[in-house]
Structure formats: structure tokens, C-alpha cells
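Chains as they are written, first to last, in this note's numbering: chain A, 447 to 695; chain B, 25 to 302.
FYI, nobody ran anything at the bench for these hints, they're computed from the structure.
Hints are supplied without guarantee of correctness; some may be wrong.
Said to hold, decoys possible - Using 25 Å as the maximum straight-line C-alpha spacing, the simulated DMTMM-like pairs for lysine to aspartate or glutamate come out as follows:
1) B/K92 - A/D509
2) A/K476 - B/D35
3) B/K262 - A/D656
4) B/K176 - A/D496
5) B/K92 - A/D656
6) B/K216 - A/E566
7) B/K176 - A/D509
8) B/K92 - A/D662
9) B/K92 - A/D496
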Amino acid sequence: MEATTLGAWMATGLTLFIFSFLYKDNPLFKLAEHLYVGVSVGYTIVKTWDSVIVHLIYRPIVDQGEIGLLIPVAIGLLMLTRYVPKAAWMSRYAFAFIVGLGSGLAIPRTISSFILKQVEDTVRPLLSMAGGEGLTFSMNLLNPASNLNAIIILIGVSSVLFYFFFSIEHSGPGKVVARTGIIFLMIAFGAAFGYTVMARMSLLIGRLTDLIEFSDASYGRPTLWLFILTVVALVLLGRRASSAPSQLE
Amino acid sequence: MTFSERMLKIDRRIIFLVIGLCTLLPLLYPVGLPIKISPEVRSIYDYMEALPERSVFLLSIDFDPASKPELHPQAIALLRHAFRKNLRVVAMTLWVSGTGMADQLLTQVAQEMGKENGKDYVFLGWSPGGTAVIINMGQDLYTAFPSDYSGKATKGIPVLEGVQSLKDIAYAISLGAGNPGIEAWYVFGKDKYKFELGGGCTGVIAPGLYPLLRSGQINGLIGGLRGAAEYESLVGQKGRAVAGMDAQSATHFAIIVLVAMCNLFYFSLRHQQGQRQV
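Could you put together the complete structure from these sequences and hints?
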């Protein structure tokens with residue numbers, strides 16, 4: 447059997463086993479689930495070993511004599527002292543190095559990218575200066591840079607920030623602002639949920655596209671045969687489960 | 025039990041079946057609904073189209089097989105476009121679990137377009153460190169990737185001629201399914217080393233990336249299977265994404281109908297219960 451055909455049978459079988467959970471929890475689903483976890487972990491370990499230990503550590507040190515690499519290797523090895531209670535304190539040096547370096551790299555860049563740039567984009571002019579026309583106001587909702595959208599964003603940001611400001615009771619005019627904030631939040635959650643639904647449906651489309659492709663005779667029709675096998679297995683497992691309590695009685 | 029109560033307690037497997045059929049039938053019998061190109065996808069296409077021949081295009085394939093249905097068609101369409109434009113393609117991944125898939129994908133499209141490894145494209149593979157790899161590449165690409173995926177030394181590869189760091193990249197696109205992905209490429213890459221950046225992502229993370237698009241931090245965004253279908257249409261080579269659009273529309277319609285029906289039955293039941301209490 448060719449590798450492609452074998453792969454098609456494996457992919458089809460595992461897809462159908464996972465889909466069988468939609469009917470009910472069963473051993474076929476558990477088998478596919480455990481295989482997925484095992485293969486993912488195994489693949490990651492092998493790739494990490496090959497890319498890091500062999501290509502980035504062993505070969506440069508042994509073949510090219512880059513002795514300086516022993517310093518990061520030593521820092522890395524300190525982390526493993528967590529497994530030896532008496533020497534566990536040594537791992538703190540490694541963690542301190544990583545946390546310090548990571549924070550130093552991430553904090554300035556994150557502030558620049560996610561706070562300053564976004565504040566700059568939020569505080570946009572509500573009126574524009576256009577050539578000889580003087581001050582203008584663009585109403586185009588479809589243009590993200592229009593003045594109307596700048597006002598909507600300003601109202602949205604202000605009202606949502608006010609909604610999360612709990613030091614003042616949300617009553618009177620404050621209630622109106624907080625309610626406006628809730629409306630903006632709901633729209634954002636709705637958009638996020640809509641995109642999530644689209645993404646999940648795309649995954650389903652991807653699997654069904656593969657199942658259709660693998661129903662071809664050139665692969666030996668794995669979709670058809672494995673679908674029958676899955677259904678028969680589910681029926682047999684269902685019968686065994688229903689007869690088990692009666693045997694106990 | 026009233027009709028509304030019966031409908032609200034319907035077996036969830038019937039709903040699964042309806043959604044399954046709404047997905048399967050359009051895949052078997054496509055109708056070819058029109059695909060409208062959004063400005064965020066077109067801006068990526070236009071930027072790629074404006075790049076001079078032999079410009080360096082970096083494609084970071086930051087996803088694994090779990091996100092393949094959405095991001096694989098995007099990657100294929102982008103690579104076809106880049107190869108057709110005769111750009112030098114430098115591909116890599118920040119996700120160790122996606123390494124094999126990324127290599128297979130690049131090799132497949134390169135063979136289809138008649139491109140040569142080392143001369144027209146290179147796959148750098150994966151390097152540990154996540155976001156630190158981007159910083160490292162910004163300083164010296166050859167330190168971050170001393171060898172390519174096949175183990176060949178990166179220094180001296182013709183496709184990387186004149187490329188020392190990220191500053192020498194004409195355009196970079198990250199196809200991200202999470203972190204590290206588009207945001208990391210902006211924060212640690214574009215913001216620091218000043219190259220143009222576009223993004224492609226799964227539908228789940230797309231809404232969170234629109235603020236980056238609006239503020240110009242990324243110049244375009246291909247969102248989910250829909251974005252992939254738009255790019256396939258622009259490139260003129262319709263593939264899996266376009267084929268899936270009918271099914272996507274049908275399932276969305278089915279979900280909208282189901283949500284509307286649920287609300288209808290819920291309010292109808294509440295109205296009936298209110299009348300009983302009176």
C-alpha cells in the first residue's frame with residue numbers, strides 16, 4: 447500500500463472516529479483523541495530534539511568549537527534542578543534570567559505597539575482639513591478613516607471605559623453612558639462569536655472536503671468502508687453497553 | 025408538552041445532522057455563489073503585485089495542522105502569487121508542530137510553479153525562542169537560522185543574496201493561528217525593524233486583529249476561509265477555499281435560521297407560561 451493511500455485511510459478513520467463523538471462518547475473517539483495527543487507530543491519532542499539539541503547545540507559545539515554556547519546550555523540545565531528538591535533553588539537563577547530578559551524585551555515593545563499606537567489611532571480629528579474646502583466632515587461608514595467612524599470609536603472607547611469604572615454609581619447620565627458601553631461590548635462579542643462560528647464551520651468544511659476526496663476509488667474508498675465500520679462498531683458497542691447493566695442485575 | 029417545549033428540547037444530534045447536511049450538500053453540488061473582495065484582502069494583493077521582481081518576500085507559516093483548513097489555502101494562494109511574480113520566497117515557521125506541514129506545502133507549490141530550492145525559495149524551518157527568533161532575525165538572520173530545514177548552511181544560498189536581516193525584507197506576511205503570530209511579528213518585527221507587514225489568520229482571532237489593521241500596523245488582513253477564497257479569486261486560481269464558500273454560506277444560513285427559531289420558541293413558551301399564571 448502506498449504511503450498516500452495509507453495516509454488517506456488513517457486520516458479518514460481518525461476523522462470518522464472523532465466525529466462519532468457527536469452521536470455519543472465511545473471508545474473509538476477515545477482512541478483517536480489519545481492518538482492525537484500522543485502523536486502531537488511525540489512529533490514536538492522529535493522536532494525539538496533535532497532542531498535544538500542536534501542542530502543548534504551539539505553540532506556547533508562539537509563540529510565548530512563554539513564553546514560560548516555552553517553558557518545558555520548551562521542556564522537551561524539549571525531549570526532541570528526543579529526535579530531535585532535539594533538543588534531546586536538553583537533553577538531560580540534560570541527563571542530570573544528568563545523573566546528578566548523576557549520582560550525587558552516585551553514591556554517597551556508592547557507599550558509602544560498596543561497602547562501608544564492604539565491611543566494614537568483612537569484620538570483622531572473629528573473634522574478634517576481638505577485642500578481649499580476648509581473643514582470637512584466625511585460621513586462614509588464604510589471608510590474606516592471617516593470622521594463619522596472616528597466619532598463612533600471615540601464614543602465606544604469612552605463608554606466602555608466608563609462601564610468598567612466602578613468607583614461611581616452608574617445612575618442618571620452615568621447609566622446612559624454605561625448602557626452605551628454595554629451595547630458596544632455586545633456588538634464586539636457578537637462579531638467575535640460570528641467569526642468563531644465561521645472558523646469552526648471552516649474546520650468542518652476542511653474535514654468533509656477530505657472525506658469527499660478520500661471516497662474516490664483511487665484510494666480504495668476509505669470513506670465508505672470506514673463509515674460502515676464506524677457505524678457497525680457504534681451499534682455493537684451500544685448493544686454491549688445496554689446488555690451490561692442487565693447482566694449485573 | 026407544547027410544540028415550543030418539544031422544539032426547545034429537541035435532540036442536539038438532529039441539529040448536528042442539519043449542519044452536517046448543510047455543509048456536505050453544497051460541497052457535493054456547488055452553486056458558485058459570488059465572492060466579494062474586501063479592501064483588507066485586496067491591499068495585500070495590491071502590495072504584492074507592486075513588488076519588483078526578485079524582491080524578498082518572507083512568509084511565516086505560524087500554524088499547525090489543527091488550523092490547516094483555514095490557513096493552508098491562504099498559504100497556497102499567497103505562494104502561487106509570489107512565485108508568479110517571481111519574488112524570492114523565504115519561508116519559516118514559529119510553530120514547531122507545523123514544521124513538516126509547512127515544508128510539504130512550500131515544496132508542493134514550488135514544484136507546481138517550477139521553482140528551484142535555494143535559488144527561488146528557501147525553507148528555514150523552525151528555531152526555538154518564539155518572539156526572540158524575530159528579534160534575532162532583525163539583528164542577523166544567519167544567527168537565527170544558521171542552516172535551512174534540510175540542514176544546508178544559509179550563508180551563501182543564492183535566494184538570500186543581499187539579505188542580512190529583516191531590514192532587507194521587502195514584504196512579510198505572517199499566517200498566524202495564535203501566539204506567536206501576527207501580533208508578535210508586528211511588536212518584535214515591524215515596529216522595530218521597519219518593514220511592511222501583512223497578516224493572514226484564522227476566523228477566531230480575526231476580530232482581535234482589526235484594530236492593528238485600522239491603525240496601519242499591518243497593511244492587510246486575510247481572515248479565515250473567507251479571506252482565503254477572496255485571495256484565490258484575486259490570484260485567479262480557485263482552490264479549496266472557493267469550493268468551501270457555498271458550504272460556508274449554507275451553514276451560516278442554517279445557523280441564523282436555528283437561532284431565530286430558538287428565540288421564537290423561547291418567547292412563545294414564555295408567553296404561554298405568562299398566560300397560564302394569569
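Hint-by-hint comparison with the structure:
Between B/K92 and A/D509 the CA atoms are separated by roughly 38 Å; this puts the pair beyond 25 Å, and the hint is violated. Using a Cα cut-off of 25 Å, the hinted pair A/K476 and B/D35 holds, with the two alpha carbons roughly 23 Å apart. Pair hint B/K262 plus A/D656 holds up; C-alpha atoms about 17 Å apart against a cutoff of 25 Å. About 14 Å separates the Cα atoms of B/K176 and A/D496, which keeps this hinted pair within 25 Å; it holds.
Taking the CA atoms of B/K92 and A/D656, the gap is about 12 Å. The hint holds against a cut of 25 Å. Simply put, B/K216 and A/E566 have alpha-carbon atoms about 18 Å apart, close enough for the 25 Å limit, and the pair holds. In summary, the hint linking B/K176 to A/D509 is supported, as the alpha carbons are separated by about 15 Å, within the 25 Å threshold. With a C-alpha separation of about 21 Å, the suggested pairing of B/K92 with A/D662 holds against the 25 Å cut-off.
About 24 Å separates the Cα atoms of B/K92 and A/D496, which keeps this hinted pair within 25 Å; it holds.
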